[in-house]
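**Q** For reference, the chains in residue letters:
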Amino acid sequence: MAQSPGRISLAPARGTLSVFEIALLVLCLVLVVAPIPQNLQDIIVLTFLWAGLATAWNIAGGYTGLISFGHAAFFGIGAYTSTILLVRMNVTPWVGIWCGGLLAAFCGAILAVICVRLRGPFFILSTLAAAEVIRIAALNWSSLTGGPEGLAISPAADPVNMVFASKHAYLALMLGYLLLSYALTKLIDGSRYGYYLFAARDDEDAASAAGVNPLAVRTVALMLSAALTGIGGSLFAQYFLYLDPTFVISPEVSFQFALLPAVGGLGTAIGPVLGSFLITPMSELLRSYLGSKVAGLHLAIYSALLIVVVLYFPSGIAGALSGLSRRKGGKS
Amino acid sequence: MTELVQVENLGRAFDALWAVNGVSFSVERGELLGLIGPNGAGKSTLYNLLAGALAPTRGEIVFDGQRVTGWKPYHMARVGMARTFQIPKPYRRLSVVENVMLASFQRHRSVRSARVFAEEILADVGLSDHVTAPVTTLTVGLLKRLEVARALALEPKLVLFDEIMAGLTPTEVAAMTGFVSTLPARGITVIWVEHVLHAIMKTATRVMVLDRGQLIANDAPKAVARDAAVIKAYFGEEISLA
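Protein chains in written order, with our numbering: chain H, 1 to 332; chain L, 1001 to 1242.
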């Protein structure tokens, strides 16, 4: 069957798994159990987590066209919810992460009511502003959030508190999160509801004329994306065992959410995963090898690489790969 | 009850300008109703009012026995009113068949059956060769057919066609005219705005003429063609052919 552009031929049809995806999954499972040096395991943990987060962002940004520069807010809400529940009320994070996801979804609904009518740059700016509101609230509501000093989770290994001594456990946890995000995306990708998202993204008037309520569709997409992002935020807090408002709710964090899917390929299931697998290790390695030698050099190289990707692969790595396989194999 | 549409004193003002003013008419089931008028007469506004894309400033619309004044476009689509857009509005990152599936989902909830039905509709409008093609590869003529396919995929009771002939070759016009004239027999009532007048005059059971927001004629095609007010609206006050 012929492929249309913007569709990655690594994934043969919507809602099915390709050989490439299965191979990637096997590689991930090997990375979880393999005896790798700890500093590399750290990088892989972050790569899995960011792949899951970027996948969550992509449901709103890539599939529905809701380019959000405010996802750090949902991330922070998730992180703070589970951490506050654990530190202040001794609620296990195994429950807390879902509470974080729910609260993030609720905030996503509020954001949707306010912003979902806005298009393009207006939507982007309003999400950026909304995240700043959340960050400033977290900074000032010290009795709950600890303010600028932040909150720390006891580092004593205890599975009930979702704190582990072994990196393998964190690797498994983050891979589980990535798989949850990815499975939901694939479910959407092959479903009627997924098509509603594409319709609301590509042409609001045409979607309406086809019986689709674009505002309702966007609201649900934003809530789902926010919920997954909130869960990821909780896991992030459980890994670092520390959070403060600037660490988790900064605009830089929000940009990272948008950057990884943009590099990997917007609106494709595999795109954000590829984006994180390329960018996260690269930025971590550049920082650890160059950060201490010449201040700022790692950021300069990182930025230069990003510019190359954006200039030469406008549809992301996924788009470039699918273009390559089309040229080689013709119709797949 | 045979009347599918009843419009009563419908009006829409943009600031001080009434784009549609005091329009009343009804449409019987199975009619093929032509709607013509000079540029700026208010045809597009009238369509947008019927399809719910614009809320009327005054007046009432009854569709299929239900008062639908002020309903949203997606509500209208769900109760059986389909429309095409004068300037095609495809989902540009989807394939041809996926564009049609989005409409066929209204009656076919599973992806598989929506696709089967969408492919049938594409065959009806002569797009069988382009099922999996990206919409970005379609010519203007094919995009117009895609608009028609998307409207029909809703399995509507009423379809509003908006200049589906513009940019088509004479052969394509003939084929499309033939196709549209078969729709009433399939249970689809048609209102048809077109600048290709001979197509309308040949196939319509009745023609309404809109001029400066008001209905100036509403009769059989032949009678409308002889109507003095219509001739004046189209050609102006006096024509002297020396």
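It is possible that part of the hints are untrue.
To be verified - Far from chain H by the CB rule (all over 12 Å, computed), these chain L residues:
(1) Asn1048
(2) Ala1051
(3) Val1079
(4) Ser1110
(5) Thr1203
(6) Asp1227
To be verified - From the structure, some residues in chain H lie toward chain L, with a derived Cβ separation under 10 Å:
(7) Cys28
(8) Arg117
(9) Gly120
(10) Pro148
(11) Glu149
(12) Lys186
(13) Gly194
(14) Gly211
(15) Pro214
(16) Thr219
(17) Gly267
(18) Phe313
(19) Pro314
(20) Gly323
To be verified - Selected chain H positions facing chain L (Cβ under 10 Å, derived; list incomplete):
(21) Ala157
(22) Asp158
(23) Pro159
(24) Ser191
(25) Tyr196
Bear in mind the hints are in silico, worked out from the structure with no lab data behind them. Bear in mind the structure is a predicted one, so any value in this text is a computation, not a measurement. The C-beta atom is built at its ideal place from N, Cα and C for all residues, glycine as well.
**Q** Honestly, which of those hints from before does the structure not fit?
**A** 1, 2, 3, 4, 7, 8, 9, 10, 11, 12, 16, 18, 19, 20, 21, 22 and 23
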